[in-house]
Structures are given as C-alpha cells and as structure tokens.
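Q: Sequence:
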Amino acid sequence: MSNAVASIVSNVFHGDRARSIPICLYVTTYLVATSIDPVIGASILQSLSWRCIGHIELIFTAAFFPLFIIGLPETRGSAILRVRAKRIISKSEEVYTANKLHHDAKLYQAILQSMQRPLYMLFTEPVVFIVWAAFSLGTVYLFTQSVELVYGQLYGWDAILAGYVQIAIVFGEILGCGLCMSTKGWYYASADHNTEVPGTSIPEARLYTSIIGGFFGVTG
Numbered sequence: 447m448s449n450a451v452a453s454i455v456s457n458v459f460h461g462d463r464a465r466s467i468p469i470c471l472y473v474t475t476y477l478v479a480t481s482i483d484p485v486i487g488a489s490i491l492q493s494l495s496w497r498c499i500g501h502i503e504l505i506f507t508a509a510f511f512p513l514f515i516i517g518l519p520e521t522r523g524s525a526i527l528r529v530r531a532k533r534i535i536s537k538s539e540e541v542y543t544a545n546k547l548h549h550d551a552k553l554y555q556a557i558l559q560s561m562q563r564p565l566y567m568l569f570t571e572p573v574v575f576i577v578w579a580a581f582s583l584g585t586v587y588l589f590t591q592s593v594e595l596v597y598g599q600l601y602g603w604d605a606i607l608a609g610y611v612q613i614a615i616v617f618g619e620i621l622g623c624g625l626c627m628s629t630k631g632w633y634y635a636s637a638d639h640n641t642e643v644p645g646t647s648i649p650e651a652r653l654y655t656s657i658i659g660g661f662f663g664v665t666g
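In the numbering used here, the protein residues as written are 447 to 666.
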C-alpha cells in the first residue's frame, strides 16, 4: 500500500511543486503511525496477549482490503485513456486510435517492463544502490524495538512508560515535516543553477534538508 499511495499521489498531482506537500504529509503520517504504534500497543498488551494483537491486526487488514479494491480507482493517465479509447471503439468503428491499443501486453512483458526501471536505478543511482529508503525506515524500526528494551531492562520501566518514550520520536518526525515544507524553496531554486537540464531542479538539492535532519536525528 505504501508504494500504491506514492504512485497515486504522483498520478493525481502533476509536477514537483504540486506533489511536494502531499508526499511530505503522507511520509510523515506513515512514520508517525509506525512510531506511535508501540505507545498504543503497550497499553493493549497489558490486557491482551501478543497473539490477540496479531489477530486484531489481521481482522483490520481483511476488513479494509475490499475497500482498497473498490475505493481506489485507476489513476494512471495512460490506463484511463486506454479504457476510454476502447469504450469509444466499441461504440463506433470509424475511430482512429494508436495501434498499441489493439494489442494488450502479455503478463511477462508487463512484469519485465516493471522490473527494468528499478533495476536500472539500482545500478546507476548511488542513493538507490545504498538502499537509502531501507536505511531510513530501518532507523525508525530500530528505535521502535530498542527503546523499550533499554528503558525496561536498565531503568525498570513497565511497557506503558517505556512506550511513552516513542512520543519524542513522533515530535521529531512532525518537526521534520515542517522542516521539509519550509525548505522546499531550496530545491526549486536549484533549477536556476542546473546547467545540464536548464529549468529543472537538481535532485541532490534535497540533501540539504537530509543533512540538517540527520544531524538532529542522531544527536537527539
């Protein structure tokens, strides 16, 4: 679902300026929900076993899965145009359309096409090669799993009190969201200095915020 949401935002909002705020809010919501989960789970754990919590999660997943199928329509422009063209063709034969509309791609071709770009970026983009996204999420889960062990075993806190420590991480993530929104102008301004593709923002300009956030994230 995380990949689907990011794709939907990219399809619905056109251009970097329009996508910045929705993507920032989505990532913040995703990380905040992940970090605050131990706070809620610790309270539930006092009266239910971990198996019951797993069953509750399974029930919620099964209940919401049909809603995802019904409530998430197709958002890709090419797919929407394809369906519209086929509908028009079925009503009238005197319609000129692209030849590829009459030839549906086979399953193996669709899978191969979907794998080409990620593999290409994996071996050509250094940031992707070092799995930066996995490192970022791994850091979140490291805090999620280790904080309660440290405060529980070293300081003798119970699960609920140790879970409250996660709220500090949530505050940091919210502040990080505000930092990203307030510094997005740095990314747009980099387009004036792009000599390779004039008028296009430089992707590395996003790293300024990462450097600031990484410093406070580690020292905090």
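Hint data in this document are derived by calculation from the structure and do not stem from the laboratory.
Warning: the hint list may mix true and false statements.
[Unchecked claim] Computed beta-carbon distance windows for the label pairs:
{"id": "1", "residue 1": "P649", "residue 2": "H501", "range": "41 to 51 angstroms"}
{"id": "2", "residue 1": "L494", "residue 2": "S628", "range": "21 to 31 angstroms"}
{"id": "3", "residue 1": "L653", "residue 2": "C498", "range": "41 to 51 angstroms"}
{"id": "4", "residue 1": "I620", "residue 2": "K552", "range": "42 to 52 angstroms"}
{"id": "5", "residue 1": "L558", "residue 2": "Q492", "range": "43 to 53 angstroms"}
{"id": "6", "residue 1": "D462", "residue 2": "F514", "range": "22 to 32 angstroms"}
{"id": "7", "residue 1": "W603", "residue 2": "H460", "range": "42 to 52 angstroms"}
{"id": "8", "residue 1": "Q599", "residue 2": "F514", "range": "12 to 22 angstroms"}
{"id": "9", "residue 1": "A508", "residue 2": "S592", "range": "44 to 54 angstroms"}
{"id": "10", "residue 1": "P649", "residue 2": "I467", "range": "34 to 44 angstroms"}
{"id": "11", "residue 1": "P649", "residue 2": "T507", "range": "14 to 24 angstroms"}
{"id": "12", "residue 1": "H501", "residue 2": "Y587", "range": "20 to 30 angstroms"}
{"id": "13", "residue 1": "F569", "residue 2": "W603", "range": "44 to 54 angstroms"}
Keep in mind it's a predicted model, so treat the numbers as computed, not measured.
Heads up, the beta-carbon is just placed ideally off N, CA and C, and yes, glycines get one too.
Q: Compare the structure with each hint and give your call.
A: Outcome of the hint check:
For the pair P649 and H501, the beta carbons lie near 43 angstroms from each other, so the given range of 41 to 51 angstroms is met. For the pair L494 and S628, the beta carbons lie near 41 angstroms from each other, so the given range of 21 to 31 angstroms is not met. A beta carbon spacing of about 44 angstroms between L653 and C498 agrees with the range 41 to 51 angstroms that was offered as a hint. Checked against the hint of 42 to 52 angstroms, the C-beta distance between I620 and K552 comes to roughly 46 angstroms, which is consistent with it.
For the hinted restraint 43 to 53 angstroms between L558 and Q492, the CB-CB distance of approximately 50 angstroms keeps it satisfied. Our hint of 22 to 32 angstroms for D462 and F514 holds, since their Cβ atoms are close to 27 angstroms apart. Remark: the range hint 42 to 52 angstroms for W603 to H460 is upheld by a beta-carbon distance near 49 angstroms. A hinted range of 12 to 22 angstroms for the beta carbons of Q599 and F514 is inconsistent with their spacing of about 39 angstroms.
The hinted window of 44 to 54 angstroms between A508 and S592 is violated, with their beta carbons roughly 31 angstroms apart. Against the hinted window of 34 to 44 angstroms, the Cβ-Cβ separation of P649 and I467 comes to about 18 angstroms, which falls outside the hint. The given range of 14 to 24 angstroms is broken by P649 and T507, whose C-beta atoms sit roughly 35 angstroms from each other. For the hinted restraint 20 to 30 angstroms between H501 and Y587, the CB-CB distance of approximately 22 angstroms keeps it satisfied.
Between F569 and W603, the C-beta spacing of about 46 angstroms keeps the proposed range 44 to 54 angstroms intact.
Violated hints, in rising order: 2, 8, 9, 10, 11; the structure is consistent with all others.
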